[in-house]
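So the sequence lines, in the order shown, correspond to chains A and B. First residue of the first sequence? That's 0 in numbering that gives the first Met the number 0, and the numbers climb one at a time after it. First residue of the second sequence? That's 0 in numbering that gives the first Met the number 0, and the numbers climb one at a time after it.
If you are wondering where the hints come from, they were derived from the structure by calculation, not from laboratory data. A quick note: this is a predicted structure, and the numbers were derived from the prediction, not measured. It is possible that some hints are incorrect.
Claimed, not checked - Here are some chain A residues pointing at chain B (derived, C-beta under 8 Å):
#1 Gln35
#2 Thr38
#3 Ala39
#4 Thr40
#5 Ile77
Virtual Cβ for every residue (Gly too), placed ideally from N, Cα, C.
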Amino acid sequence: MSNPWIAIGALAVVALAIPITMMFVSSLLRPSVPEQGKTATYESGEVPTGSSQKIKFNIQYYMVALLFVVFDIETVLIFPWTVIYRDAVGAVGMTRALLPMVAFIGILAVGLGWAWRNGAVRWVRSSRATKGADTYE
Amino acid sequence: MAPESAPLPETLAELAGMDPNSVPVMILMSLIGAALIGTLMMTNTALAGPWAKRKITAAFTDRIAVDRIGPFGLLIIVADSVRLLSKELIVPEGVDRPAWDLAPLLIASSALLGFAVIPMGNGLHLADPEVGLAYVFATASMASVGLVMAGYASNNKYSFLGGLRAVAQNLAYEIPLILTGASVVIFAGSLQMSEIVAAQSQTLIGPLPSWYAFVNPFAFALFMIANLAEVGRNPFDIPEAPTEIVAGYQTEYSSVYFVLIYLGEFIHIFLGGAIIATIFLGGPAGPVLPGIVWFLIKIWGVFLFTQWARSAVPRVRIDQLIEIGWKGMLVLSLANLLLTAVIVGVIA
Chain A
0 MSNPWIAIGA LAVVALAIPI TMMFVSSLLR PSVPEQGKTA TYESGEVPTG
50 SSQKIKFNIQ YYMVALLFVV FDIETVLIFP WTVIYRDAVG AVGMTRALLP
100 MVAFIGILAV GLGWAWRNGA VRWVRSSRAT KGADTYE
Chain B
0 MAPESAPLPE TLAELAGMDP NSVPVMILMS LIGAALIGTL MMTNTALAGP
50 WAKRKITAAF TDRIAVDRIG PFGLLIIVAD SVRLLSKELI VPEGVDRPAW
100 DLAPLLIASS ALLGFAVIPM GNGLHLADPE VGLAYVFATA SMASVGLVMA
150 GYASNNKYSF LGGLRAVAQN LAYEIPLILT GASVVIFAGS LQMSEIVAAQ
200 SQTLIGPLPS WYAFVNPFAF ALFMIANLAE VGRNPFDIPE APTEIVAGYQ
250 TEYSSVYFVL IYLGEFIHIF LGGAIIATIF LGGPAGPVLP GIVWFLIKIW
300 GVFLFTQWAR SAVPRVRIDQ LIEIGWKGML VLSLANLLLT AVIVGVIA
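Please work from the sequences and hints to get the whole structure.
Below is the structure:
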């Protein structure tokens with residue numbers, strides 16, 4: 000049995016080579032006719048109103064992003080458990096194999112419920128859209 | 000079913016009569032095998048993108064679509080690739096240059112990378128690491144980094160909104176997707192793709208094979224829905240939402256960069272199909288026909304499903320998407336995981 004990561008590395012090389020070849024072929028084929036106005040940012044035909052990197056708005060989901068980190072780490076911890084679960088049931092019985100994970104997921108579920116009640120997973124409307132309905136902190 | 004044969008590079012080495020234990024031979028054979036897999040997937044994508052997608056959408060909306068060049072309009076694939084590659088590349092003002100160039104590359108190549116561990120039948124299985132399923136989920140979610148890069152670097156407000164929507168969507172659906180995948184691992188007891196496929200080779204009731212789609216249809220439905228969001232198709236295509244934000248993160252891309260993003264999306268759909276085929280539909284298993292044909296039928300079936308959803312299901316709003324993801328899918332996938340564990344525990 001050879002190391003499978005050699006083959007995965009080889010596919011990485013191929014997966015990069017295909018797009019790069021396409022870019023190269025395209026650079027041979029395509030014309031270059033620089034003209035004023037072609038390079039303007041597309042804003043549905045209007046004169047562009049400035050950079051998108053300088054505007055400020057509520058991206059809404061930083062709390063969701065924090066929750067994601069919590070649950071993502073949770074899945075990392077669940078995966079090894081799923082792999083050995085079947086053998087563990089045979090070895091130590093179902094209660095000892097399952098209950099710790101039930102407690103673990105239970106704590107997370109309580110956390111999700113708390114975030115839910117606090118409106119972390121709700122899309123926030125601007126205060127102009129709904130006056131005074133904003134419980135977001 | 001016979002147990003999975005050796006990985007593709009070893010088979011190739013034996014065919015060429017070379018020693019499969021020497022590293023240089025394996026590197027060479029791996030490259031050949033990878034080129035084979037890459038070509039296969041690029042062929043699928045070439046068929047799907049310019050031709051099948053149009054034909055399917057046309058059939059849903061009672062039109063004819065491409066039929067002028069070649070039989071059934073098939074040569075449109077050649078015409079379209081020449082047309083798109085020979086377009087002028089317009090670099091808009093103020094783009095963040097390295098990121099703007101790297102994003103299409105990342106989107107196109109990350110999805111292709113996932114096929115390394117997918118068993119396609121007839122020995123077409125490039126690598127079989129023990130962490131197969133975790134690896135394939137990791138490569139599938141790498142594309143969202145590319146989407147954010149494209150959205151932010153384009154210096155366009157539509158692109159920026161599209162990129163941010165892509166993050167919101169992936170955050171909301173990644174966890175249900177992976178947790179539902181984990182419920183399959185409870186049955187199979189392994190992350191290795193060949194083991195997961197082998198575990199589905201018994202029969203369930205009568206002629207019905209014990210594919211996990213039949214063993215746990217609830218998980219299958221959850222996974223299909225989460226997968227639609229993962230690949231960004233209707234009803235979860237809000238990162239692109241043509242009627243709202245033009246084309247989202249790909250608004251400012253033209254020429255070969257547009258091709259690469261478009262290509263990446265289709266490879267991603269097929270990768271989603273390949274994951275579903277492997278962990279829920281028995282991989283390449285099936286009667287009469289050879290494995291690779293069954294595998295292709297299954298991934299094209301998933302592709303057809305995404306195109307059907309695209310034609311038939313209206314798009315959800317972003318706030319609805321967050322609610323469906325965090326309040327619906329996540330709770331359901333946790334319930335599915337625990338229920339599966341209890342059932343497996345009682346049976347085992």
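Legend entry - Satisfaction of the isoleucine 77/A interface hint, Cβ to chain B closer than 8 Å: The hint holds - isoleucine 77/A has a Cβ within 8 Å of chain B, the shortest such distance being about 6 Å.
Legend entry - Supplied contact hint for threonine 40/A, tested at 8 Å Cβ to chain B: holds, 5 Å
Legend entry - Interface hint for alanine 39/A, Cβ within 8 Å of any Cβ on chain B: OK, holds: alanine 39/A within 8 Å of chain B, min 6 Å.
Legend entry - Interface hint status, threonine 38/A versus chain B (Cβ within 8 Å): holds, 5 Å
Inset, instruction - With chain B as the partner, please determine if glutamine 35/A meets the hint condition of a C-beta pair closer than 8 Å. - result: violated, 11 Å
Hint violations for this structure: number 1 only, all remaining hints satisfied.
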